[in-house]
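K.L.:
The residues making up each chain are set out below.
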Amino acid sequence: MTIAKLGYTLLGLFIVWNWGFLMGATFRKIGARLAGRYGIPFYQPWINFFKNIGVRTTITHGVMYYLGPVFRLTGGIGLFFFMPMVFTGDPNGHWTNFSFEGDLILILYFQLFGMLGMALGAGEGGHPYSAMGIARGLAQHAAVELPLTLAFLSIAIQYDTFSVYKIVEAQQGGFQNWVLFTNPFASAAIILAMLGAMGHSPFNLVKAPNEILIGPATEYEGTYLGFMQSAGSILHVMEAVLFMNLVFGGATSWAELIVKTFLIYFWSVFVGMVFPRFKIEQSITWFFKVPLVLGVLAIIVFSF
Amino acid sequence: MISPIHILTIGLGGAFALGFVPKKAKDAAAVIMLAAIALMGVLTGSWLIGLINGDSAQQVFTAGFKPPFSINLLMGLNEGALTTAVNFIGLLGGIYLYKYLKEAGNHAIMVFLIFIMGLNVVIMTRDIFNLFVFLEIVSIATAGLVILTETGKAVQAGFKYMLATGVISGVLLIGIIFAYYYSGTLNIDGLTQAHIGALRGGSVALLMIMVSILLELKTFPANGWGLDVYEGANAGIGAMLSAATATGMYYVLYKLLVMAGPEWNYWIALIGAVSFIGSNVLALKQRSAQRLLGYSSIGQIGLLMIILGFKDILGDNTPYVAFGILFSHYFAKAGLFWLAGIVKQSDIANWAVIRKKPYFLFLMGTFIFALIGFPPFPSFFAKWELVMELVNTGNLPWVVAILFGSMMEAVYLFRWFGYAIKGENENIEDFKIEWNKILPVGIVAIALYVTGYFTAQHTEAGAAINWIPLFFVAAIFILDFLPVFVKNTIAIIGMALYFYNIYPDLDNMRLVFEAIFMIGGILTLIAGYAYKGKRTGFYPVALLMYAGLTAIIEAQTTLQFFFGWELMTAGSYFLIIRGKRSMPHGLSYMLFSVGGAYALLIGLGMAFAGQDSLGMEIINTISYLPYWAYGLLIVGFLTKTAALGLHIWLPGAHGEAESDVSPMVSAILLKAGVFGIVLTLIGMGGESNSYPWLPYALGWLGAITAFSGNLMAVFQEDAKRLLAYSSIGQLGYIVLGMAMMTHLGWLGGFSYVVNHFLYKAVLFLTIGAVVLRVKTHNMYEMGGLIKRMPLAFIAVMIGIIALSGVPPLSGFAGKWLFYNAILEKGWYLQGAIMFFSGGIAFMYLWRLIHTVFLGQLKDNHRNVKEISIWFLIPIYLLLAGIMVYSVKPQWVLQPLGDMIAQWFPDGQLTWDGGTAFTKYGHWAGTAVAVTIIVAFLVVLALLLISTRKAHKVKQFDITYSGERPERPETTHVAYNVFEGLYKAMWIATIPLVETWWNKVTDFLHDTADIVRRIYNGNGQTYIIHIVLFIIVTYFVIIGG
Amino acid sequence: MKKLFVFIILIALASMLYPLLDTFHGNDKLSELSQFYAQSENVSKVNAQNLVTAVVVTYRGLDTLGEVTILFLAAAIIAFFLKTESEKRTLRKNSEIFKTAAKMLVPIITMVGIYIFINGHLTPGGGFQGGAVIASGVILMLLAFPNMEFNHKFFEALESISGVVYVGLAAFGAIIGLGFLDNAILPLGKFGELFSAGAIPVIYSFVGLKVGAELSNILNKFKSVQAEN
Amino acid sequence: MEYITITTGFLIILAGLWAIMTRKNIIRIIIGFSLFDTGIHIVMVSMAYVKGGVAPILDKNELLTDTANKIVDPVPQALVLTAIVIGLGVTALMLAYAMKLHSEKKSLDIESFKDLKW
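Protein chains in written order, with our numbering: chain R, 1 to 304; chain F, 10001 to 11040; chain W, 20001 to 20229; chain G, 30001 to 30118.
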């Protein structure tokens, strides 16, 4: 590991962080416009972030409460570290971070790290809403995870590897090589399950943003919230990058990455704008119906 | 040596002479009787010793003429053993009945003496009419003894008994006279040679003789009169009937079976099987202790009849098997009847009173375990031998019938024992102890252990059993009066020394399990220091379990393995049942264990079949029905790993157990099942496994178990039950991993074995310790405990991270290996189910930590202390293990991989420093851990800089629903938190398995309840049963 | 309904017994066993004129001992089972004729009984028969004198003494090496005389006394219990 | 001759069983048992008969030679003696039981003594 590699990685992290904010703002903007409002300015997330960082008084409910955002942000950053971002043909290239070729399983499980920390931290605050949000989130997450896992497995079977890098590598050379076309069932499962992973409407009961804010975010203010926001933005991008890498051929440049992640992200936003929110049992049932069936098909195709 | 004929001189002379004893000298009469019985015992005993030492059997002629012209008696080895047994139990029974007999007067004393004498002659006589006469003596004496307690019930029972035996002996008489007509002799040996069964009429005569002996043995279903006697008579008489009479009658059946010829063997076995199963099933509904024992006695005789029926197949082993079962029955049944007389409670539910005197509970336990056939009792070795031989000769249906009957017996006996050990006993009047009653009970209990030990020495495999752990258990049992601190130290030192001594002898795979058992055992025992007082009974049973566990590991032979297996089951049963409210769970644990053990027994029998060896290596080369054999072995082991379908015992058993017992039975004990599965799978050939469907089915079972276990855990409100269900799920992973039969699958499985031990021990110890502090299992009654118990919180947090498989902790190793293994094996759907289970696991883990430690602290917990230091020590030692495993996974996985390579050389991990490679990817455990820790520390530093002046707020410094809450109960989100998931997935939580098992038990109980109504209490009906039984046997055996 | 059922059962039982009847064809000659008993050298070994008695007391003496035991048992059981309370009651007086006749007959009946068991080895009869005859005398007494105090102690002592002697004689044979219950422990005497057949008449006498005593005891018990009712 | 006795014996056995299985009164049942027993005894003595034989009492000198061909079988006779005495003992005991049962419930109906069942 060289200092240069560390520098590139941190730079990449910075890009991702900003891009996450921008995408978040875009989403809010689109939502407002659809609702006939003007909406926030696109730089609102940065304002929020700096305001939060700058808040002088902070409270704490205890050690775990304090560590919650740390877990969350470490989860985000770690996920970034373990994800190959831009495909350059070199597994140890500049934008591959500390991904060790991006082991899919590591990424899959490391997602939970932040979620867990945040859940624990918010839990210590003792506010019922955070617990409710987490409970719902976990239930929904499990339901989303099943079709996603099936689809990921399907892709891993297809390319006989768990390395994200190798999966991206195999998709190079034109969009006809994308998993989207070579493995349509898995892709369909991912594209649908992704909606849940992103946590936008109709699968956003977890945080219920439009009424009373539920979920861990209610608990935190100041720097904590700033950290959480940063983590949220990084995680959003990383989810999109993951799907991009797995289904949409990865990215060979930052520009491609930005375009693709935006489209992926926009897909979930678009669905969210059109469909009303599901109750938690409805969303679980939905994931067990459509994406799961697709996921199972994706597996069965390779089982024989 | 004195001629055995003088048994008559002593017995009859004594009885007649008692007439001279004045009526007032009651003690004198009773003492004379005991002396006479003792004298007969000495006489027969001296013969027995002589015969064992090689003297030849002696014929006793009477009247100065040789048989067949006069009546002769035979004193051979069998006769010597059985008469000695009868006299021994007669003496003990006489001591037990001392006061009754004294009260009843000289006449009753004479009757008792004649009863014992009569049985002696019945055993020895070689003349069939003489047999009839002395049988009549025995049954008339019995009819007299029954009314020793002159209750109305006893008189009724006695009358029915008289009527029934009257008719039966009439039938016998007809048979005898026609046998004489066809053969011209009354000598049994003469009749044997005459083969009258070959004649048309002779066969009927023979049938009448045989059937009346069967009826005298109270064969099901024509035995209502016998049951009534068992219930109505004094318990001491019940003991005599069950132990002494049954022993004598059984030998009569043996003698006459030889006479009747080999074609009768099958029928005796068949009738025995019907009797064994029938009476054990009917006993299921029985609530009256003595009647229950009656049913059980009849069942045991049925089993003995089966053995007799197979005497030609068992060959030289027949006496060993028959005596093993017979003596267990004889001691245990006598002991239980006597206990029934001491406790004086007819309803088995009221036997809880026995607990008021713990040593009585120990006696009762001894008898019950001896009856079921647990080690170290003779019945264990006999049953083993029986099953081995029967399977070896291809008599599988018989084995199944025997084990089914035994299973039923286990149901009601353990239910009864459960009442005794756990039932409500507040309002039941305590019982009195009289020296003359407790003495015989104690003697038979000791005799059971002693005979068990010597029975074991009789076979080569049995002699090889290592008794040292058991002696250690016995020593701890004797030291049970010492305080916890001392016993705990002794136990820990003992286990440590033992482990130190044997670990060099073990191969790697065994070492892994032995280390889990022993080190885990020591660690969990450390937590025992937290208990005050004596903790009566804890240490013997805990060590019994560990003795069993280590015996399985050390086993060189399948017998030793099964021996250890049963010891472990017994020990863990007692451990589990110590918990509050654990009675029903203890029972279901025991029943599943017994069922599983029987599956194992058949499996091991099949392994034995054709290989003529008992070495453990025979399971590698099973040739007789190998699919079935391996399948049964696996099913047997799956009962211990609580695979779906066989799991219903686990949640309650682990959930209700004591705080330091739960980790023992969860983190440690469950691995015994895994060990068994590992052995079986290795036996199936490892990589070159030629039974593909078994692992395939096992894999699916593992996956579904993982799913259901985890899903059920999500919906638990009880913290320990949650962990218990979680164990079911985790064991499902292990089973799936092993079932893959690949290097990676096994590595994943083993990594889970180690990991599950570490984190489940941590979680159960911590939660157990918390429960000790907060006095509730319900998570919604806890909350916010992080403030009071930060160290416990940290332990649970690390535990759940490790369990969930989130990097960087050790759980991820298992997940990663599993993914790779799944991909390699191609079991995608199973894998997907498993990973989905992982997602579900996350929910219950969060629930566990959140609702217990986070959220709102309850008012009544504001002053609870941190969990006990004695719990923290093992917990943190285990946490250190988790951390080492997490940061340096290669330290664990590399040796495991090398070990597994001997069976699965293909597809090994390749290691490059701390990075593991498979063909699908690689994983650098250390690097990942370091990366994450660095990132974590950087972010933490940033936050610390930014919020250095954070203001600490209080619990209620939040707003909720427009108010600042002040009552934690209304604000703590804990009850039914996963309502949404439940609404979506309730269909998967329907307890189908439990319903199914309930249906099965209901069906059996209903059947029993309906069928037992044939015993309607009317003596006349019983006669109709007897005549019907005769007719049916006639039409079945001889035909119209 | 039940009777029909029982009837069918009995028909079935009869069909089971039928082969016995069907193959029964009487005896044309003695069984081997009895031929042995009838051989003259064996007859002289036992030296009892009544072969049945020879079989009962000597060859199958153990059965007889058992038989005596059974009666003894029955008497003992009835004794402790039907414990009498000494409650007096007045019964209708019997007629003088009956009482006088009874007084006259009882000694004769007793004599006959004693004769029967003493001559058991010579003529039809024996201990049981004799004992039963004696007991019939006791019944007569009980009927004639319902209020009579029955000296059961005497009978019990008699019973015990007879039993002990019987067992003692039997065991004596075994101890001196002849065999349990061998009648040759006493001189065999001359065939057909009263003092012949060794111990048989002695044994049979004690059996007779014992049986008589036992039966009398049983009858007395029944009588006294009936009195309670 | 022996056919008649043995058939009679069997019929008495069946009649005795009929009484045991159908009568309600305990005394009648005991009588039935006595019948049953007696039937057996009749069957037993039927076995002893040898065509043309006399009683096995050798009180005439001509019986002392070739005894075996002149007498009937003494063994069943001896057996039946034992059997009769045993039957007597059993019957006596049964009657004692009947008395005790009667004093308990003031009834001799076998149906009323069903306290123990199942």
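Be aware that a few hints might be false.
[As the list claims (entries may be wrong)] Subject to a maximum C-alpha distance of 16 angstroms in a straight line, what follows is the list of computed EDC-like cross-link-like pairs (lysine to aspartate or glutamate):
no.	chain 1	residue 1	chain 2	residue 2
1	W	Lys20002	G	Glu30111
2	F	Lys10949	R	Glu221
3	F	Lys10153	G	Asp30115
4	F	Lys10153	G	Glu30104
5	F	Lys10775	F	Glu10866
These are computed hints drawn from the structure, not numbers from a lab. In this text the structure is predicted, and so the values were computed from the model without any measurement.
K.L.:
Within a Cα-Cα threshold of 16 angstroms, do F/Lys10949 and R/Glu221 meet the stated pairing?
P.N.:
Since the Cα atoms of F/Lys10949 and R/Glu221 sit roughly 14 angstroms apart, the hinted pair holds (cutoff 16 angstroms).
K.L.:
Given the hint that F/Lys10153 pairs with G/Asp30115, does the C-alpha gap stay at or below 16 angstroms?
P.N.:
holds (6 angstroms)
K.L.:
Given the hint that F/Lys10153 pairs with G/Glu30104, test it: the Cα-Cα distance must not exceed 16 angstroms.
P.N.:
Holds - the C-alpha atoms of G/Glu30104 and F/Lys10153 are around 10 angstroms apart, at most 16 angstroms.
K.L.:
Is the Cα-Cα distance between W/Lys20002 and G/Glu30111 16 angstroms or less?
P.N.:
Since the Cα atoms of W/Lys20002 and G/Glu30111 sit roughly 14 angstroms apart, the hinted pair holds (cutoff 16 angstroms).
K.L.:
When you check the alpha-carbon spacing of F/Lys10775 and F/Glu10866, does it fall within 16 angstroms?
P.N.:
holds (14 angstroms)
Hint compliance for this structure: every hint is met.
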